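Peer 1: Each chain, letter by letter, is given below.
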Amino acid sequence: DTAVSQTPKYLVTQMGNDKSIKCEQNLGHDTMYWYKQDSKKFLKIMFSYNNKELIINETVPNRFSPKSPDKAHLNLHINSLELGDSAVYFCASSQEGQARSPLHFGNGTRLTVT
Amino acid sequence: GENVEQHPSTLSVQEGDSAVIKCTYSDSASNYFPWYKQELGKRPQLIIDIRSNVGEKKDQRIAVTLNKTAKHFSLHITETQPEDSAVYFCAANKGSQGNLIFGKGTKLSVKP
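Going line by line, the protein sequences match chains A and B.
Residue 40 in the numbering used here sits at position 40 of the first sequence; the count goes up by one each step and never skips.
Going from the second sequence to the numbering used here is simple: count from 1 and add 1000.
Don't read these hints as lab results, they were simulated from the structure.
For clarity, every value in this text was computed on a predicted model and none was experimentally measured.
Hints are supplied without guarantee of correctness; some may be wrong.
Computed list of lysine-lysine pairs in DSS-like fashion (alpha-carbon distance at most 30 Å, straight line) [unchecked claim]:
id, chain 1, residue 1, chain 2, residue 2
1, B, K1057, A, K9
2, A, K9, A, K52
3, A, K36, A, K9
4, A, K52, B, K1037
5, B, K1104, B, K1042
6, B, K1111, B, K1068
7, A, K9, A, K44
8, A, K67, A, K52
9, A, K41, B, K1107
10, B, K1071, A, K41
11, B, K1022, B, K1068
12, B, K1111, A, K71
13, B, K1104, A, K19
14, A, K9, B, K1071
15, A, K19, B, K1022
16, B, K1068, B, K1037
17, B, K1057, A, K44
18, B, K1037, A, K41
19, B, K1037, B, K1022
20, A, K52, A, K22
21, B, K1071, A, K71
22, A, K41, B, K1042
23, A, K41, B, K1111
24, A, K22, A, K44
25, B, K1057, B, K1111
26, A, K9, A, K71
27, B, K1042, A, K22
28, A, K40, A, K22
29, A, K36, A, K52
30, B, K1042, A, K71
Label-pair restraints from in silico Cβ distances [stated by the list, open to error]:
id, chain 1, residue 1, chain 2, residue 2, range
31, B, P1082, A, S39, 19 to 29 Å
32, B, A1070, A, T59, 25 to 35 Å
33, B, L1046, A, V60, 18 to 28 Å
Yeah, the Cβ is synthetic: ideal placement off N, Cα and C, and Gly gets one too.
Put together the whole structure using the sequences plus the hints.
Peer 2: Below you can see the structure in the form of structure tokens.
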């Protein structure tokens, strides 16, 4: 069983389109995250949700909107996609906050915007 | 804000040799320092972590040391094997309860 699963694995789309990435965790964790890994492999947090409530929103354009219908799911919706949005997006979860417990990452979604 | 510097960016060693990766951080309130390993095309996975109340932690061939005064911590891998080849990321939390800031990664290549 995959603990943190995200779909799709690959996403190729054109500039200006709107797309969503879904994430689900079956670990019973309270906190979920979205990370972006660019072509240089830099890992940067985008959002953090604790029990369906947003607790961290780094300097991310408002074209990116996370949605958490329950604490096991955290989806990412992206409007008006731009070339610079091309990256691998990782969903993650942790039992407590990042300062207290390990992150469990999903397998990533490779987004390519053409 | 917190800044995490990681060196070297690439490291090549012969199988059986040791590898050391170093990180420095800027926030004196940081108290959690994990290390993640990311194999090519895979997700990052935690390999070891250390908290500020200890100076060293070992797990088989992997060890992490922390120097709070100097604000640096290091990953040591002994008896390296080809399967240790990956990108390794250090991280430190921003403030005592804040989110993790990752280093830029070290690509380790272990040559058989």
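Peer 1: So, for every hint listed, does it hold in this structure?
Peer 2: We went through each hint and held it up to the structure:
1. B:K1057 x A:K9: The given pair, whose Cα atoms are some 35 Å apart, is violated under the 30 Å limit.
2. A:K9 x A:K52: 24 Å, holds
3. A:K36 x A:K9: Within the cut-off at roughly 14 Å; holds.
4. A:K52 x B:K1037: Between K52 of chain A and K1037 of chain B the Cα gap is close to 28 Å, so the pair holds against 30 Å.
5. B:K1104 x B:K1042: 17 Å, holds
6. B:K1111 x B:K1068: 33 Å, violated
7. A:K9 x A:K44: 19 Å, holds
8. A:K67 x A:K52: 8 Å, holds
9. A:K41 x B:K1107: At roughly 10 Å apart (the allowed maximum being 30 Å), K1107 of chain B and K41 of chain A satisfy the hint.
10. B:K1071 x A:K41: 24 Å, holds
11. B:K1022 x B:K1068: Given that 30 Å is the threshold and the Cα spacing comes to 14 Å, the pair holds.
12. B:K1111 x A:K71: 44 Å, violated
13. B:K1104 x A:K19: Since the Cα atoms of K1104 of chain B and K19 of chain A sit roughly 28 Å apart, the hinted pair holds (cutoff 30 Å).
14. A:K9 x B:K1071: Violated, at about 38 Å.
15. A:K19 x B:K1022: 39 Å, violated
16. B:K1068 x B:K1037: 23 Å, holds
17. B:K1057 x A:K44: Status holds; Cα separation ~26 Å.
18. B:K1037 x A:K41: 12 Å, holds
19. B:K1037 x B:K1022: 14 Å, holds
20. A:K52 x A:K22: Given pair K52 of chain A, K22 of chain A holds - Cα atoms ~15 Å apart, limit 30 Å.
21. B:K1071 x A:K71: 35 Å, violated
22. A:K41 x B:K1042: Holds: K41 of chain A and K1042 of chain B sit about 12 Å apart, inside 30 Å.
23. A:K41 x B:K1111: 22 Å, holds
24. A:K22 x A:K44: 19 Å, holds
25. B:K1057 x B:K1111: Answer holds: K1057 of chain B to K1111 of chain B is near 26 Å, not above 30 Å.
26. A:K9 x A:K71: Holds: K9 of chain A and K71 of chain A sit about 22 Å apart, inside 30 Å.
27. B:K1042 x A:K22: 18 Å, holds
28. A:K40 x A:K22: 24 Å, holds
29. A:K36 x A:K52: Within the cut-off at roughly 20 Å; holds.
30. B:K1042 x A:K71: 25 Å, holds
31. B:P1082 x A:S39: 19 to 29 Å: With a Cβ separation near 25 Å, P1082 of chain B and S39 of chain A satisfy 19 to 29 Å, so the hint holds.
32. B:A1070 x A:T59: 25 to 35 Å: With a Cβ separation near 30 Å, A1070 of chain B and T59 of chain A satisfy 25 to 35 Å, so the hint holds.
33. B:L1046 x A:V60: 18 to 28 Å: 24 Å, holds
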